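Undergrad: Protein chains in written order, with this note's numbering: chain A, 822 to 996; chain B, 822 to 996; chain C, 822 to 996; chain D, 822 to 996.
Hints were generated in silico from the structure; no laboratory data involved. Here the structure is a predicted model, which is why all the values come from computation and not from measurement. Backbone N, C-alpha and C fix where the C-beta goes; we use that ideal spot for every residue, glycine too. Any given hint could turn out to be false.
Unchecked claim - Facing chain D, according to a computed beta carbon distance under 7 Å, are these residues of chain C, among others:
| no. | residue |
| --- | --- |
| 1 | ASP886 |
| 2 | ARG897 |
| 3 | ALA908 |
| 4 | LEU909 |
| 5 | ALA915 |
| 6 | GLU922 |
| 7 | ARG926 |
| 8 | LEU957 |
| 9 | GLN961 |
As the list claims (entries may be wrong) - Over the 10 Å line for every Cβ pair with chain B, so calculated as not near, a few chain A residues:
| no. | residue |
| --- | --- |
| 10 | MET822 |
| 11 | GLY823 |
| 12 | PRO869 |
| 13 | ALA918 |
| 14 | GLU939 |
| 15 | GLN961 |
To be verified - In silico contact screen, one side only, chain C against chain A (beta carbon under 7 Å); selected entries:
| no. | residue |
| --- | --- |
| 16 | MET822 |
| 17 | PHE824 |
| 18 | SER827 |
| 19 | TYR832 |
| 20 | PRO833 |
| 21 | GLY834 |
| 22 | GLN856 |
| 23 | SER867 |
| 24 | ASP870 |
| 25 | LEU871 |
| 26 | GLU873 |
| 27 | ALA892 |
| 28 | SER896 |
| 29 | HIS933 |
| 30 | ARG942 |
| 31 | ARG943 |
Okay, here's what each chain looks like letter by letter:
There are 4 protein chains.
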Amino acid sequence: MGFAESMLLAYPGPLPHVDRIALTECIEACMESAQIATACAEACLSEPDLPELAECIRASLDCSDVAGTTAKVLSRHPGYDANLRRALLAACRAASALCAEQCERFAEAHRHCRVCAEACRRTEAACERARCSAGLCDAQRAGLTRRPRLPATCPAASHATTNGAVLPSMSTGGM
Amino acid sequence: MGFAESMLLAYPGPLPHVDRIALTECIEACMESAQIATACAEACLSEPDLPELAECIRASLDCSDVAGTTAKVLSRHPGYDANLRRALLAACRAASALCAEQCERFAEAHRHCRVCAEACRRTEAACERARCSAGLCDAQRAGLTRRPRLPATCPAASHATTNGAVLPSMSTGGM
Amino acid sequence: MGFAESMLLAYPGPLPHVDRIALTECIEACMESAQIATACAEACLSEPDLPELAECIRASLDCSDVAGTTAKVLSRHPGYDANLRRALLAACRAASALCAEQCERFAEAHRHCRVCAEACRRTEAACERARCSAGLCDAQRAGLTRRPRLPATCPAASHATTNGAVLPSMSTGGM
Amino acid sequence: MGFAESMLLAYPGPLPHVDRIALTECIEACMESAQIATACAEACLSEPDLPELAECIRASLDCSDVAGTTAKVLSRHPGYDANLRRALLAACRAASALCAEQCERFAEAHRHCRVCAEACRRTEAACERARCSAGLCDAQRAGLTRRPRLPATCPAASHATTNGAVLPSMSTGGM
């Protein structure tokens, strides 16, 4: 059992709106990519092709800061607040995606960029699962009609309690 | 001249999409409320009515973390990315509003809550101005028609440079 | 292989002064206790005996902040600088010890305090090993004479390159 | 009145060991250099001489992280703990000094480095004053004999309650 899950189980009180697995996976993914992105930016500073890596470094620094903060905020359980959690998970997903895109450009040349890209893609996915599991993803915000059939791309498909209506397409950039 | 503006003026290169005033005011407001919220949570821990202040403390801790990170990310100038900046400013606005709401409940009883609430309301407003000035706010996302009349609540009303032209719809990266 | 070690191995260039195992264990311990301490402070806020937990919450918040920052700084490899690394590892060790002491008081009553105390003790030890492995611990600062025999309590005993002198005792409050 | 001082005055309870001026000046200096150092690292990434600025960027990132955390920890008032406060102020002073040294090398060429260096020197001094005012500086740790006469370089000279002994010289690199 991961440390995040261990602490969640130790929480004194019910957490009725929380999908424990999605939440703890997201916290752990965020923490991992926060450290990996810091280390990647550092390694880039020592590369001979440093001038080409400037945008990659920026994206890594942003990702590290946002992912680290997201892990902290997700570790708190205030009375339910959709705005903050939704926006922060969207920010973290965006920061992770940007960092992954930048690092993927250099993944063949630099091993640290490959490791970072993979971690950021995991975090991007974990943030989206956490959003959906908390009822905060685009499909849910759009409003489910009778018999919603969630598109294949929506991670919530695996938590389906819906029954088949056609949903508006979920733009990947949305929150 | 504040230190944030001073550093922005020292930036080596053009920043065509940046509203310098809105950005630096937002950075400084975020930093201020990050520290004030930390201090408020601390002061609450010493109050005799601590059990009633638990939600206030949570909101202050979230606000401190999110505002501090927002100030850092806003200090960077990557190639223009709508998703991250928009989502993070939304998260910071939400965190600031929540903290202000909680602190306003105790503003009469506790001076530190009053100071914190005021700082958070300033940050909430500064985040919205920064979003609008970067073309990222809700009014703009909704799509403006000819002779845009921005709603009274939109801070961008005071920065109006439009004169009725049709604005392009905002990139799919919207929130 | 942990992610911290993975990134260290991917570093482009030699790191002659670095004990890879001690460093990566310290980074991972710091990150873990940073998140656990955040979660412990949160859980304390929901406990019925919250007023008794105020100092515990403070110590957890300090530990989370300091450990998180230590993990970031340790992920960087600037030209060798003794002052910063030594002082920061000392601060992290102190913050972890304080948090552990506070949480141990409530470990029987609250599971989250027990988990947190254990994590902080691991971080305390990891910081001391990292300091010693980098030649920054008190025994080494005191100056080794010929044939140093490191006291049993000094984690550096296992890295012995010394040859047997009696060292002054390492004060627990020292840096 | 600065916001840090405002919050300190609003603290519910006595703070007998706190030199309000030294503490609030230190908090505000730390916050300022945390943001300025972030902005300086960012600006360096856009400079044509980026490869020469790698160490400067590292030092700026370290300084930003450590100063930001120091401001947070100093905003808390736990039961008196010498180890953590002393070590953290030492770390912040070291990080600020390193960043200042690096930035001073490029101060003529890059305005953002000049602004950053000046801010870091202020923070370095503020950390030392805060250490001395809390009885944590090297001169005091060395143990005052009768009639201590603090050396001119010790910021505590202006808070003198001592009575004239000759102290061992205070090494600037000490902790």
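Undergrad: All the hints need checking, so say for each whether the structure fits it.
TA: To see whether the hints hold, each was checked on the structure:
{"no.": "1", "hint": "ASP886", "result": "holds, 5 Å"}
{"no.": "2", "hint": "ARG897", "result": "holds, 6 Å"}
{"no.": "3", "hint": "ALA908", "result": "holds, 4 Å"}
{"no.": "4", "hint": "LEU909", "result": "holds, 4 Å"}
{"no.": "5", "hint": "ALA915", "result": "holds, 4 Å"}
{"no.": "6", "hint": "GLU922", "result": "violated, 10 Å"}
{"no.": "7", "hint": "ARG926", "result": "violated, 13 Å"}
{"no.": "8", "hint": "LEU957", "result": "violated, 11 Å"}
{"no.": "9", "hint": "GLN961", "result": "violated, 14 Å"}
{"no.": "10", "hint": "MET822", "result": "holds, 25 Å"}
{"no.": "11", "hint": "GLY823", "result": "holds, 21 Å"}
{"no.": "12", "hint": "PRO869", "result": "holds, 22 Å"}
{"no.": "13", "hint": "ALA918", "result": "violated, 8 Å"}
{"no.": "14", "hint": "GLU939", "result": "holds, 20 Å"}
{"no.": "15", "hint": "GLN961", "result": "holds, 15 Å"}
{"no.": "16", "hint": "MET822", "result": "violated, 11 Å"}
{"no.": "17", "hint": "PHE824", "result": "holds, 5 Å"}
{"no.": "18", "hint": "SER827", "result": "holds, 6 Å"}
{"no.": "19", "hint": "TYR832", "result": "holds, 5 Å"}
{"no.": "20", "hint": "PRO833", "result": "holds, 5 Å"}
{"no.": "21", "hint": "GLY834", "result": "holds, 5 Å"}
{"no.": "22", "hint": "GLN856", "result": "holds, 6 Å"}
{"no.": "23", "hint": "SER867", "result": "holds, 5 Å"}
{"no.": "24", "hint": "ASP870", "result": "violated, 10 Å"}
{"no.": "25", "hint": "LEU871", "result": "violated, 10 Å"}
{"no.": "26", "hint": "GLU873", "result": "violated, 14 Å"}
{"no.": "27", "hint": "ALA892", "result": "holds, 6 Å"}
{"no.": "28", "hint": "SER896", "result": "holds, 5 Å"}
{"no.": "29", "hint": "HIS933", "result": "holds, 4 Å"}
{"no.": "30", "hint": "ARG942", "result": "violated, 14 Å"}
{"no.": "31", "hint": "ARG943", "result": "violated, 11 Å"}
The structure is inconsistent with the numbered hints 6, 7, 8, 9, 13, 16, 24, 25, 26, 30, 31, although it conforms to all the rest.
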